[in-house]
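If you read the sequences in order, they're chains R and X.
Note that the working numbering has the first sequence beginning at 647, numbered continuously upward.
Note that the working numbering has the second sequence beginning at 3, numbered continuously upward.
None of these hints come from the bench; they were simulated from the model.
These figures come from a predicted structure and were not determined experimentally.
Please note that the accuracy of each hint is not assured.
Pairs of lysine-lysine, DSS-like flavour, derived with a Cα cap of 25 angstroms [as the list claims (entries may be wrong)]:
#	chain 1	residue 1	chain 2	residue 2
1	X	Lys31	X	Lys84
2	X	Lys224	R	Lys836
3	R	Lys836	X	Lys15
A few chain X residues facing chain R, derived, Cβ under 10 angstroms [unchecked claim]:
#	residue
4	Leu55
5	Leu71
6	Leu80
7	Lys84
8	Leu94
9	Gly96
10	Pro97
11	Arg100
12	Arg135
13	Ser136
14	Asp140
15	Val163
16	Val223
C-beta: ideal position from N, C-alpha, C; glycine also.
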Amino acid sequence: MNARTATSLAIAAELPRDALGVPYIAAPVTRRAQARGERRLSLGEPVPFGWLLGPFLLVLYWSVGSASGLIDPRVLPAPWVAVTTAIDLIEKGRLQADLAVSTLRAAQGLAWGVAVGLLVALVSGLSLLGGYLFDGLVQVKRAIPTLALIPLLILWFGIGETMKVTVIALGVFIPIYIHTHNALRGIDLKYVELAETIGLSRWGFVRHVVLPGALPGFMLGLRFGVMGAWLALVVVEQLNATSGIGYMINLARTYAQSDVIVVGLVVYALLGLSSDAAVRALEARALRWRRTLGR
Amino acid sequence: MSPVVSVRGLIRKFTLRGVLNGVDLEIGKGEFVALLGRSGSGKSTLLRAIADLDHEASGSGEIFVPERLSVVFQDARLLPWKRVLDNVILGLDGPNARERGRAALAEVELGGRESSWPYELSGGEQQRVALARSLVRDPELLLADEPFGALDALTRIRMHVLLRKLSQAHKPAVLLVTHDVDEAIELADRVVVLDDGKLAADIQVDLPPEGTARIERFAEVKEQLLVLMGVHESA
Ligand SMILES: Nc1ncnc2c1ncn2[C@@H]1O[C@H](COP(=O)(O)OP(=O)(O)O)[C@@H](O)[C@H]1O
Ligand SMILES: [Mg+2]
Chain R
647 MNARTATSLA IAAELPRDAL GVPYIAAPVT RRAQARGERR LSLGEPVPFG WLLGPFLLVL
707 YWSVGSASGL IDPRVLPAPW VAVTTAIDLI EKGRLQADLA VSTLRAAQGL AWGVAVGLLV
767 ALVSGLSLLG GYLFDGLVQV KRAIPTLALI PLLILWFGIG ETMKVTVIAL GVFIPIYIHT
827 HNALRGIDLK YVELAETIGL SRWGFVRHVV LPGALPGFML GLRFGVMGAW LALVVVEQLN
887 ATSGIGYMIN LARTYAQSDV IVVGLVVYAL LGLSSDAAVR ALEARALRWR RTLGR
Chain X
3 MSPVVSVRGL IRKFTLRGVL NGVDLEIGKG EFVALLGRSG SGKSTLLRAI ADLDHEASGS
63 GEIFVPERLS VVFQDARLLP WKRVLDNVIL GLDGPNARER GRAALAEVEL GGRESSWPYE
123 LSGGEQQRVA LARSLVRDPE LLLADEPFGA LDALTRIRMH VLLRKLSQAH KPAVLLVTHD
183 VDEAIELADR VVVLDDGKLA ADIQVDLPPE GTARIERFAE VKEQLLVLMG VHESA
């Protein structure tokens with residue numbers, strides 16, 4: 647008897663038997679229902695903080711490279727050196743001071759950009775004349791990158807805070823305007839028909855249909871806007887600033903302190919990530935009525 | 003008694019072809035009329051003309067409709083960003099709007115679902131919310147374009163019972179567009195058939211309340227309608 651028949655006999659011995667003791671093979675049963683709550687075409691159950699996997703692997707590679715001497719410390723300091731530097735900067739109070747300045751700049755620019763972008767989008771999205779007045783202008787502005795306007799803005803406002811906040815606000819204004827305007831004009835006609843048949847006033851239509859319907863577009867614009875604010879911040883802080891994270895980084899470059907540069911970059915990353923998380927939390931709250939694949 | 007709805011010599015064309023070619027229709031106060039016709043015969047075009055929603059079409063004719071008119075679409079057309087009760091009372095003001103909305107929801111057997119989101123309701127439940135949204139406005143004319151077309155057979159039957167109950171309680175004039183002959187006979191006082199751009203028939207249903215008489219009359223009207231719609235050869 648070879649091994650093969652032996653195993654098949656062993657399997658036969660475990661098979662269920664009918665009333666006459668004859669082994670039989672049960673009909674295959676489609677498995678389902680165990681996977682409750684799981685959509686077949688979903689991406690699977692999300693793991694909390696799963697997005698940290700990639701960054702974690704990068705830091706791991708960085709640590710191993712530094713410890714083994716594969717990464718030259720003059721090119722990139724070891725992670726623990728950067729951490730020590732950060733602690734040192736915090737103890738001296740420099741990091742907090744620069745962080746406060748940068749955050750205030752970004753917040754001011756963001757506030758102006760959102761306020762003006764939203765206002766102009768509403769005027770131009772909700773009235774034909776408003777659209778004729780503003781939409782073309784914004785499209786022209788959009789074709790000129792904000793950063794290209796910096797020389798002119800410096801001539802107008804000097805190199806002080808006004809110029810910096812203006813550049814940031816312009817970087818925020820565009821995405822807020824574009825996405826909000828798009829959403830306002832993209833309201834489905836079937837809702838317009840509904841509003842007409844139940845006799846909503848124009849203001850009622852705007853309040854109950856157009857504005858809430860355009861909210862997803864505004865939220866998308868806000869996410870791009872917040873990212874744009876940090877981008878513009880980085881650029882303006884390279885220009886003759888005397889305070890702020892960008893100033894700290896620039897100064898470190900003159901003294902070849904790569905550890906301080908790394909600390910500054912990590913701070914930028916944390917600012918960007920935490921503000922994006924805040925906007926997403928806001929979005930999830932404001933758009934509870936939506937069901938999406940991404941969750 | 004003067005009719006609630008009066009349509010005279012209605013002509014409607016789209017760019018390429020005429021759809022309505024002289025339609026005359028009157029609907030009395032509290033009368034329930036079903037509008038039958040083949041797919042593409044212009045039923046929706048007629049209903050949308052009466053509801054003043056046909057801005058793409060050109061044409062002529064006279065339409066008289068009451069002030070308070072309400073439309074139920076084939077899709078429930080709830081605003082996804084408003085909870086059920088807020089959908090029902092959309093655009094109503096006055097201190098008792100919420101109370102009235104609640105009462106309308108109870109009438110369509112959805113008491114207790116006031117604060118659900120539309121996506122949490124089944125198709126039939128969404129359509130009942132749409133009915134409540136219409137009824138709370140106390141319409142003199144209710145226009146419905148295949149409102150049960152997207153529902154399964156059992157839900158449809160429940161909706162028929164509900165719609166009949168509601169129309170008897172509130173007595174609006176109703177124009178129900180449908181392609182379902184049984185639905186038309188079951189619900190309507192009168193059935194009109196749209197064919198070739200005109201109303202080809204106008205049949206008083208007069209269904210006895212119950213018994214074999216009802217079944218016989220039902221079969222008789224159904225046969226008549228099927229012949230008119232070109233499904234059966236006339237005997
Ligand atoms: N907006 C439109 N533009 C062009 N043609 C249309 C439009 N709406 C309807 N039609 C045409 O008019 C005819 C009647 O349509 P409709 O009233 O929707 O029919 P029914 O509701 O009876 O199925 C169809 O041939 C359709 O293609
Ligand atoms: Mg139709």
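Each hint tested on the structure:
1. At most 25 angstroms may separate the alpha-carbon atoms for a hinted pair to count; Lys31(X) and Lys84(X) exceed this at roughly 33 angstroms.
2. For the suggested pair Lys224(X) and Lys836(R), the alpha carbons sit about 34 angstroms apart, so the restraint of at most 25 angstroms is broken.
3. For a cut-off of 25 angstroms, the pair hint linking Lys836(R) to Lys15(X) stands: about 21 angstroms separates their Cα positions.
4. Below 10 angstroms, beta-carbon pairs count as interface contacts, and Leu55(X) has one with chain R at about 5 angstroms; its hint therefore holds.
5. Annotation: Leu71(X) was flagged as interfacial toward chain R, and the flag holds, the nearest CB pair being 7 angstroms apart, inside 10 angstroms.
6. The closest approach between the C-beta of Leu80(X) and any C-beta of chain R is roughly 9 angstroms, which is under the 10 angstroms cut-off, so the hint is satisfied.
7. Given hint, Lys84(X) at the interface with chain R, holds; its Cβ is 7 angstroms from that chain's nearest Cβ, closer than 10 angstroms.
8. Given the 10 angstroms rule on beta carbons, the hint for Leu94(X) holds: about 9 angstroms separates it from the nearest Cβ of chain R.
9. Given hint, Gly96(X) at the interface with chain R, is violated; its Cβ is 14 angstroms from that chain's nearest Cβ, farther than 10 angstroms.
10. About 17 angstroms separates the beta-carbon of Pro97(X) from the nearest beta-carbon of chain R, more than 10 angstroms, and the hint is not met.
11. For Arg100(X), the shortest C-beta to C-beta distance to chain R is roughly 15 angstroms, which exceeds 10 angstroms, and the interface hint is violated.
12. Given hint, Arg135(X) at the interface with chain R, holds; its Cβ is 7 angstroms from that chain's nearest Cβ, closer than 10 angstroms.
13. Taking 10 angstroms as the C-beta contact cut-off toward chain R, the hint placing Ser136(X) at the interface holds, the least distance being around 8 angstroms.
14. Because the smallest distance between the Cβ of Asp140(X) and any Cβ of chain R comes to about 12 angstroms, over 10 angstroms, the interface hint for this residue is violated.
15. Look at Val163(X): its Cβ only gets to about 25 angstroms from chain R, farther than 10 angstroms, so that hint breaks.
16. Evaluation of the Val223(X) hint against chain R yields a violated restraint, the C-beta minimum of about 31 angstroms exceeding 10 angstroms.
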